[in-house]
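Asker: Chains as they are written, first to last, in the numbering used here: chain A, 1 to 262; chain B, 1 to 274.
Simulated from the structure, these hints should not be mistaken for laboratory data. This one's a predicted model, so the numbers in the text were calculated from it and none came from an experiment. A hint or two may mislead.
Claimed, not checked - Per label pair, the in silico range of CB-to-CB distance:
(1) B/30 <-> A/84: 28 to 36 Å
(2) B/51 <-> A/89: 36 to 44 Å
(3) A/86 <-> B/164: 26 to 34 Å
As the list claims (entries may be wrong) - Some chain B residues near chain A, calculated using beta-carbon distances under 8 Å:
(4) 2
(5) 26
(6) 75
(7) 105
(8) 213
(9) 229
(10) 234
(11) 235
(12) 244
(13) 255
Said to hold, decoys possible - In silico negatives: residues of chain A with every beta carbon more than 12 Å from chain B:
(14) 49
(15) 176
(16) 178
(17) 197
Glycine included, C-beta positions come from ideal geometry on N, C-alpha and C.
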Amino acid sequence: MAPSAYVWLLLGAAYFVVPLYATLDFSLKKNVIGTPCCTLHNYGWVVHNGDFWHTIKISFLLALETIVISLVLFVPTIYWVHLKLPKLRPVIAFMALVPFVVPPIVMVVGLLRTFRGTPHWYYGTPWGFLATAYVILAFPYMFFSLDAGFRSIDVHTLTEASQSLGARWTTTLFRVILPNIRSAALAASFLTLAIVMGEFTIANLSAFHTFPIFIQYVNESQGFPAGALTLMSFGITWAAMLSLLLVGRKRGARGAVIAGAR
Amino acid sequence: MATLPFFVYTIAFLFVPAGAVMLGAFQDKHDHATFSNIKLLFHHPYIDAYWGSIRISLITATIGAIFGMFVAYAAIREGTPRWIRSALSTFSGVAANFGGIPLAFAFIATLGPLGVVTVWFRNAGYDLSTKWPHFQLFSERGIELAYLYFQLPLMILVIAPAIDGLKREWREAASNLGAKGWQFWRYVGIPVLMPSFLGAFILLFGNAFAAYATAYSINQGQNIVPILIGAYYTGNVLDNPHLAQALAFGMFLVLALMMLIYIPLQRRSARWAK
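With the rest of the complex left out, here is chain B:
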């Protein structure tokens, strides 16, 4: 009984709207059933937007997961002072939440055409946009670099408990049995961490895949799915809302697939926790 308001609320404001997206994806302007919106998703520019989103998510999730893992391990491993670890986890908690519009501005101030780092290099006689690495903030590379600002700390937060779970005794046991450093990692460390690592990777992928504000603020013309959906509502091109619903439905499918991989991984990684 006491749980009734909760269920009514989530059905009304989560499940019904989610259902409306799915239904709308298969309707035309007059609410008749059709596959034309879904078919359109496989054509230019929509399919390119999905690839753009997937590329950005894969790249930032990969770099974020690997780099974040090393930073977290560096902070947690023996010999690193305790304060570094607590400072890192506090800072990660904040930085993982520092997304969206302010983050975009921080990167415009750093690497935009008048950004501080851009100007440093220019004053030193080196133009980052024309010479190697041909970097431009208003491009896919630029958006990826900005996304890493929340991807990395998220990885650190998510993977830290798993690294904690690598027991010291395992290391000692391995070296007592004559294992070298790399052998410990090859046969104990990496297999134990793998499910958590993959789970975190999926979390990061979804995190970048769903992101809208940061990319929008850096380049409103970037061809990724959330910006395309947004353009249907904020611009004056809303001639077919069902196409926006189809785009949203496609995002839902990708994320649902991620979730299906994530849940069993989560179960597996819980085995070594505590």
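Next up, chain A with everything else stripped away, as it sits in the complex:
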């Protein structure tokens, strides 16, 4: 190994490890500054906090809802595009780039203006307003992941074989196509989970109390438990991304691993 390679890798490693170490250090401190290490008291505080469970449940259910809506919306669309309308693929690929130009902070401004005054069950609950916004956030990652999945299988042959055996469209989709793109769909789902569990911008501007909002509230009010909470949140991202890499290893499902809740 070249000496310069060592230097770059060590510098990079230090930059990434030190903030994590500092967070761990904070999370193990007592609430009184200066007392010696270490206590799990802060983790206890988090686990016994009702708001923690309440908000993490909301964010997790939101993530599940987003994943279900996204898959229902995108799997048939991308399947159909690969099977019958290949000319439409560049159009959808282009649309998958639109969220880059319309980032969450711009999108939420538009959504608040467009849907102000709609019924409470939509505008007033996370399950309506936030979920529909998060499906759009997940769109590029869903598209690139599923598109890679569909490209790695022979859609035409599979569909023809299934139909010549007398299968209906629904049977073909659920029993033939879905099992073949499972790893791509799983990868997209884990990515969506990571995005929704960390999304702050839209939730904050539309005043919904999700998990990241709770973390920010603790950040502002309680320094040491915030360390514990930050590490737990990092653990969730870590678990989702590792699952993504594990399922993605088999097929070309790693199309997009860039996401995030900045």
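Dock chain B against the given chain A, drawing on the hints supplied.
Answerer: The following block gives chain B in isolation, referenced to the frame of chain A:
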């Protein structure tokens, strides 16, 4: 037919809201057409917020792109063990997603007034905030340092395939023809990598330009566009939502410009892939 729900959905929840921002930017309180919001963008404090956002994005994209490139090359080049490379790509996948509120806290715990590193230096008799480099986390420098935490891994993820595309044979061919190390880079390596590098740079710029949560959590008073927009909705200063829409429209214009540069670069860099 099967694609209809998809198009209906994206029109209703992406294109109509985006259109509403553009339209709202040119309306006054009574929904009459006006340029006054847009004109206001060119005045203090709004124009300063755009410069603040652009500065932070340019600096973090530049440092992230260059530093990320070196780290990625160090991990991919021959002689580096395979496991380092796969560990780096896994870690980058995670770290590129470690943004927002938790990231802000990690940096407060590191370099905030009571942060671990701040205290290390203070115990050693050196105060980072009063002596060189006069570092304060709740400043533009501090926010940039935190942004690099997701910018660097993003660069590593995006540039790795391009570095992979630098074929070993090219190097051998160059040295067989008598080229020195720097000549290989000057005439082969850098020209081949350039489109990918610039494309990645733009991606990083947009990534930082649109970021809200990290900066908000470090300093809610930082004068950058996303925080200004956010203040209109979270505070009680919402007397003119059209100004927030104009601010958002300005962000859209900057990002659209970036996209126009990005797409042809993307095409060019695809030439050497595979």
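Asker: Against each hint, give a clear statement of whether it holds in the structure.
Answerer: Hint-by-hint comparison with the structure:
1. For the pair residue 30 of chain B and residue 84 of chain A, the beta carbons lie near 48 Å from each other, so the given range of 28 to 36 Å is not met.
2. Under the hint 36 to 44 Å, the C-beta atoms of residue 51 of chain B and residue 89 of chain A, about 39 Å apart, fit the expected range.
3. Distance hint check: the CB atoms of residue 86 of chain A and residue 164 of chain B are about 28 Å apart, consistent with the given range 26 to 34 Å.
4. A least Cβ separation of about 4 Å between residue 2 of chain B and chain A falls short of the 8 Å threshold, and the interface hint therefore holds.
5. Evaluation of the residue 26 of chain B hint against chain A yields a violated restraint, the C-beta minimum of about 13 Å exceeding 8 Å.
6. For residue 75 of chain B, the suggested interface contact is upheld, since its CB lies about 6 Å from the closest CB of chain A, less than 8 Å.
7. The criterion of a C-beta within 8 Å of any C-beta in chain A is met by residue 105 of chain B, whose closest approach is roughly 4 Å, and the hint holds.
8. Look at residue 213 of chain B: its Cβ gets to within about 4 Å of chain A, closer than 8 Å, so that hint holds up.
9. About 6 Å separates the beta-carbon of residue 229 of chain B from the nearest beta-carbon of chain A, less than 8 Å, and the hint is met.
10. Because the beta carbon of residue 234 of chain B sits about 6 Å from the nearest beta carbon in chain A, less than 8 Å, this interface hint is met.
11. The criterion of a C-beta within 8 Å of any C-beta in chain A is not met by residue 235 of chain B, whose closest approach is roughly 11 Å, and the hint is violated.
12. With its C-beta approaching chain A no nearer than about 6 Å, residue 244 of chain B sits inside the 8 Å limit, and its interface hint holds.
13. A cut of 8 Å between beta carbons decides the hint on residue 255 of chain B: the least distance to chain A is about 5 Å, and the hint holds.
14. Every C-beta of chain B lies more than 12 Å from that of residue 49 of chain A, the closest at about 16 Å, which supports listing it as non-interface.
15. Distance to chain B confirms residue 176 of chain A as a non-interface residue, since its nearest Cβ pair spans about 16 Å, more than 12 Å.
16. The non-interface label for residue 178 of chain A is consistent with chain B: the shortest C-beta to C-beta separation is roughly 15 Å, beyond 12 Å.
17. The beta carbon of residue 197 of chain A sits about 10 Å from the closest Cβ of chain B, which is not more than 12 Å, so the claim that it is off the interface is violated.
Violated hints, in rising order: 1, 5, 11 and 17; the structure is consistent with all others.
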